[in-house]
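K.L.:
The lines below spell out each chain.
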Amino acid sequence: MSGPGLDRGGGYRFQVDYLPVGTFRQFRILLFPFVVATVLLVGLPAALALGLSFTDYDALAAPSWVGLSNYTHLLEDRIFNIVLGNSVYFLALSVPLRVLGAFALALWLGGERRGAGGYRAIVYLPTVIPDAATALMWLWIVNPLYGPINLILKSLGLPQPGWLADHDSARLVFVMMACLQIGEGFVVALSGLKGIPRSYYQAAQADGAGALALFRHVTLPLALPWIALVAVRDTIFALPWTFAVSSIMTGGDPFYTTLFLPLYARIQSVDYLKFGLGAAATTLMIILAAVALGLIGLAARRGWYADET
Amino acid sequence: MRTRLRALRLNTPGWHLLSVAIAAVFGVPLLFALSLSLRQVDRTLPTTMEWLPNPIVLGNYAQALADGNLIRYGLNSLLVVTVALPVTLVVASWAGLAMARSGHAVQRRMVAFCVVALLIPHSMIWLPRFLMVKWAGLIDSPFALMLPALMGTSPLFALLFYWAFRRQPADLFDAAAMDGAGALRVWWSLALPLVGPTAMAVAALTFLYFWGDYIDPLLMIKSPARYTLPIGLSILQQFDKTRWPLVMAAAVLYALPSIGVFLAAQRYFLSGRRMLWLS
Numbered sequence: 001m002s003g004p005g006l007d008r009g010g011g012y013r014f015q016v017d018y019l020p021v022g023t024f025r026q027f028r029i030l031l032f033p034f035v036v037a038t039v040l041l042v043g044l045p046a047a048l049a050l051g052l053s054f055t056d057y058d059a060l061a062a063p064s065w066v067g068l069s070n071y072t073h074l075l076e077d078r079i080f081n082i083v084l085g086n087s088v089y090f091l092a093l094s095v096p097l098r099v100l101g102a103f104a105l106a107l108w109l110g111g112e113r114r115g116a117g118g119y120r121a122i123v124y125l126p127t128v129i130p131d132a133a134t135a136l137m138w139l140w141i142v143n144p145l146y147g148p149i150n151l152i153l154k155s156l157g158l159p160q161p162g163w164l165a166d167h168d169s170a171r172l173v174f175v176m177m178a179c180l181q182i183g184e185g186f187v188v189a190l191s192g193l194k195g196i197p198r199s200y201y202q203a204a205q206a207d208g209a210g211a212l213a214l215f216r217h218v219t220l221p222l223a224l225p226w227i228a229l230v231a232v233r234d235t236i237f238a239l240p241w242t243f244a245v246s247s248i249m250t251g252g253d254p255f256y257t258t259l260f261l262p263l264y265a266r267i268q269s270v271d272y273l274k275f276g277l278g279a280a281a282t283t284l285m286i287i288l289a290a291v292a293l294g295l296i297g298l299a300a301r302r303g304w305y306a307d308e309t
Numbered sequence: 001m002r003t004r005l006r007a008l009r010l011n012t013p014g015w016h017l018l019s020v021a022i023a024a025v026f027g028v029p030l031l032f033a034l035s036l037s038l039r040q041v042d043r044t045l046p047t048t049m050e051w052l053p054n055p056i057v058l059g060n061y062a063q064a065l066a067d068g069n070l071i072r073y074g075l076n077s078l079l080v081v082t083v084a085l086p087v088t089l090v091v092a093s094w095a096g097l098a099m100a101r102s103g104h105a106v107q108r109r110m111v112a113f114c115v116v117a118l119l120i121p122h123s124m125i126w127l128p129r130f131l132m133v134k135w136a137g138l139i140d141s142p143f144a145l146m147l148p149a150l151m152g153t154s155p156l157f158a159l160l161f162y163w164a165f166r167r168q169p170a171d172l173f174d175a176a177a178m179d180g181a182g183a184l185r186v187w188w189s190l191a192l193p194l195v196g197p198t199a200m201a202v203a204a205l206t207f208l209y210f211w212g213d214y215i216d217p218l219l220m221i222k223s224p225a226r227y228t229l230p231i232g233l234s235i236l237q238q239f240d241k242t243r244w245p246l247v248m249a250a251a252v253l254y255a256l257p258s259i260g261v262f263l264a265a266q267r268y269f270l271s272g273r274r275m276l277w278l279s
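Chains as they are written, first to last, in our numbering: chain Z, 1 to 309; chain E, 1 to 279.
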């Protein structure tokens with residue numbers, strides 16, 4: 001009754017009895033380049049990064065095993081602790097703002113109104129600008145003497161921060177830039193909100209729900225999985241994003257205030273040839289993202305239960 | 001309450017007002033750069049807000065385009081994209097088709113594989129990847145920059161093709177298989193033409209990735225003759241710190257192809273039917 005393909009894959013939705021033997025295997029060959037290359041270019045380096053973090057390696061002599069000493073060295077290092085603090089600051093500020101921004105904008109611009117498509121395109125636009133171009137444009141925009149932001153503040157008689165020149169405001173520039181590149185989360189939010197069936201709103205309205213109640217009891221719970229998705233994605237990719245912009249704009253200055261983990265890892269490994277230390281810093285970045293994800297998960301669960309009471 | 005909600009929805013002038021403000025927040029930084037790029041390069045920079053330069057000149061663009069180095073960097077970038085784009089489309093659509101034509105167990109496992117690979121950030125793997133490229137002797141070669149294309153650039157692209165192929169009627173593929181068409185022929189003459197919009201979206205995202213890639217060329221390219229545009233631009237900025245209008249013109253020229261590709265493909269991006277994101 002069942003062809004050989006059925007035994008292999010286990011349960012197809014469509015009938016396979018009269019398919020020529022080997023059809024599926026034939027297609028499976030097309031999967032190999034992707035799987036092999038992904039394992040070689042993603043899986044292997046990820047394993048290598050973890051392995052190297054326990055070694056001393058300068059890319060010349062063979063790596064030597066040093067156990068956890070890279071980690072203990074980093075955690076005792078004063079500059080590394082500044083870098084860690086900067087990274088936590090950036091994560092804690094940029095991720096919530098980005099998620100909030102993406103969903104608020106998707107709620108406001110998601111409808112089928114005249115002109116909505118144009119506004120959506122403009123919101124996405126900064127996301128497609130290459131990092132190097134974004135970095136150079138913002139280097140000008142936040143120039144303390146001639147940049148448009150400070151000139152506008154000046155004409156309004158407001159105080160003008162030194163932005164990247166000032167250690168109080170330098171990190172904030174990167175948060176601002178990150179908050180304007182939210183196109184990807186915005187698209188996910190748009191499709192998530194669009195997927196909420198209209199009948200839910202109609203039913204809630206028939207029960208006398210107001211705009212606020214609709215949002216609280218229909219939109220929010222149904223959008224929650226999408227919000228979580230964007231939050232997870234942003235948490236993982238927030239710090240890696242800083243690499244290009246901070247290398248071009250500040251290189252970590254002033255006084256290490258804009259030195260984030262990815263750039264630190266590059267300086268340690270490529271510039272100082274301490275690949276083990278760089279790998280350890282990278283691993284700590286992953287751990288930091290994992291801790292942040294845990295906190296998000298905890299908050300989401302608490303919010304979920306609070307909702308049910 | 002219901003009427004108030006409806007009033008809120010139909011109150012288009014108010015809606016447009018806030019929407020314009022939102023658009024301004026996202027669009028004005030670009031306009032600032034554009035405005036400066038049109039300013040005479042040898043004049044002292046303004047100390048009061050100047051929305052548009054007076055006079056408006058295009059000389060900076062002419063100068064940037066006449067800069068032999070920038071043109072060379074641009075051609076290097078173009079070379080990487082020209083090779084990486086078709087390779088990405090082939091590998092990702094192959095994987096997507098194979099996944100869509102597999103059994104449920106394989107489909108589930110492959111989707112999990114893609115998601116895990118997607119969640120590994122690039123900055124976790126660039127360091128060992130750099131070492132691997134070094135061991136392979138590919139440092140300073142444009143091939144080092146094209147490597148991601150071999151895996152379809154991003155596992156997301158394989159997933160996008162997989163979703164697109166899964167929406168196609170299975171009978172079609174069964175019929176082709178019964179006619180004795182091989183996997184490659186089914187892929188090229190039957191499957192690929194069915195998923196034009198997805199292929200367009202993947203092509204656009206792939207272009208944005210390779211055209212904008214900064215980390216790989218920074219680490220893997222040593223000789224200035226092989227620099228790509230982002231590296232060349234950051235060097236231009238370092239050496240021409242005082243000539244801001246020229247730097248802005250170069251940055252705008254560098255961003256233009258990305259903007260053009262986005263505008264041409266935006267209906268595939270912003271349709272809201274499929275999530276598209278790039279790591």
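One or more hints might be untrue.
Derived pair list, reagent style SDA-like, types lysine to any residue, alpha-carbon separation capped at 20 Å [as the list claims (entries may be wrong)]:
(1) K222(E) - A59(Z)
(2) K134(E) - G43(Z)
(3) K222(E) - Y272(Z)
(4) K154(Z) - K241(E)
(5) K134(E) - L41(Z)
(6) K134(E) - T55(Z)
(7) K154(Z) - E50(E)
(8) K154(Z) - L219(E)
(9) K134(E) - A47(Z)
(10) K194(Z) - Y268(E)
(11) K134(E) - G251(Z)
(12) K134(E) - D253(Z)
(13) K134(E) - L298(Z)
(14) K134(E) - A46(Z)
(15) K154(Z) - V28(E)
(16) K222(E) - P144(Z)
(17) K241(E) - G118(Z)
(18) K241(E) - L145(Z)
(19) K154(Z) - H122(E)
(20) K134(E) - L48(Z)
(21) K222(E) - G251(Z)
(22) K154(Z) - W51(E)
(23) K134(E) - K194(Z)
(24) K134(E) - V39(Z)
(25) K134(E) - P144(Z)
(26) K154(Z) - M49(E)
(27) K222(E) - L75(Z)
(28) K194(Z) - Q266(E)
(29) K194(Z) - A204(Z)
(30) K154(Z) - P53(E)
(31) K134(E) - H122(E)
(32) K222(E) - P225(Z)
(33) K194(Z) - R114(Z)
(34) K154(Z) - A165(Z)
(35) K134(E) - P225(Z)
(36) K241(E) - Y272(Z)
(37) K154(Z) - T47(E)
(38) K241(E) - A47(Z)
(39) K134(E) - L40(Z)
These are computed hints drawn from the structure, not numbers from a lab.
K.L.:
Next, verify each hint and record whether it holds.
P.N.:
Comparing the hints with the structure gives:
| no. | hint | in the structure |
| --- | --- | --- |
| 1 | K222(E) - A59(Z) | 17 Å, holds |
| 2 | K134(E) - G43(Z) | 18 Å, holds |
| 3 | K222(E) - Y272(Z) | 17 Å, holds |
| 4 | K154(Z) - K241(E) | 23 Å, violated |
| 5 | K134(E) - L41(Z) | 14 Å, holds |
| 6 | K134(E) - T55(Z) | 18 Å, holds |
| 7 | K154(Z) - E50(E) | 12 Å, holds |
| 8 | K154(Z) - L219(E) | 40 Å, violated |
| 9 | K134(E) - A47(Z) | 17 Å, holds |
| 10 | K194(Z) - Y268(E) | 16 Å, holds |
| 11 | K134(E) - G251(Z) | 24 Å, violated |
| 12 | K134(E) - D253(Z) | 30 Å, violated |
| 13 | K134(E) - L298(Z) | 42 Å, violated |
| 14 | K134(E) - A46(Z) | 16 Å, holds |
| 15 | K154(Z) - V28(E) | 18 Å, holds |
| 16 | K222(E) - P144(Z) | 33 Å, violated |
| 17 | K241(E) - G118(Z) | 35 Å, violated |
| 18 | K241(E) - L145(Z) | 14 Å, holds |
| 19 | K154(Z) - H122(E) | 40 Å, violated |
| 20 | K134(E) - L48(Z) | 14 Å, holds |
| 21 | K222(E) - G251(Z) | 19 Å, holds |
| 22 | K154(Z) - W51(E) | 14 Å, holds |
| 23 | K134(E) - K194(Z) | 47 Å, violated |
| 24 | K134(E) - V39(Z) | 18 Å, holds |
| 25 | K134(E) - P144(Z) | 41 Å, violated |
| 26 | K154(Z) - M49(E) | 8 Å, holds |
| 27 | K222(E) - L75(Z) | 32 Å, violated |
| 28 | K194(Z) - Q266(E) | 18 Å, holds |
| 29 | K194(Z) - A204(Z) | 17 Å, holds |
| 30 | K154(Z) - P53(E) | 18 Å, holds |
| 31 | K134(E) - H122(E) | 17 Å, holds |
| 32 | K222(E) - P225(Z) | 44 Å, violated |
| 33 | K194(Z) - R114(Z) | 17 Å, holds |
| 34 | K154(Z) - A165(Z) | 17 Å, holds |
| 35 | K134(E) - P225(Z) | 42 Å, violated |
| 36 | K241(E) - Y272(Z) | 27 Å, violated |
| 37 | K154(Z) - T47(E) | 9 Å, holds |
| 38 | K241(E) - A47(Z) | 41 Å, violated |
| 39 | K134(E) - L40(Z) | 15 Å, holds |
Of the numbered hints given earlier, the model fails hints 4, 8, 11, 12, 13, 16, 17, 19, 23, 25, 27, 32, 35, 36, 38; all others are met.
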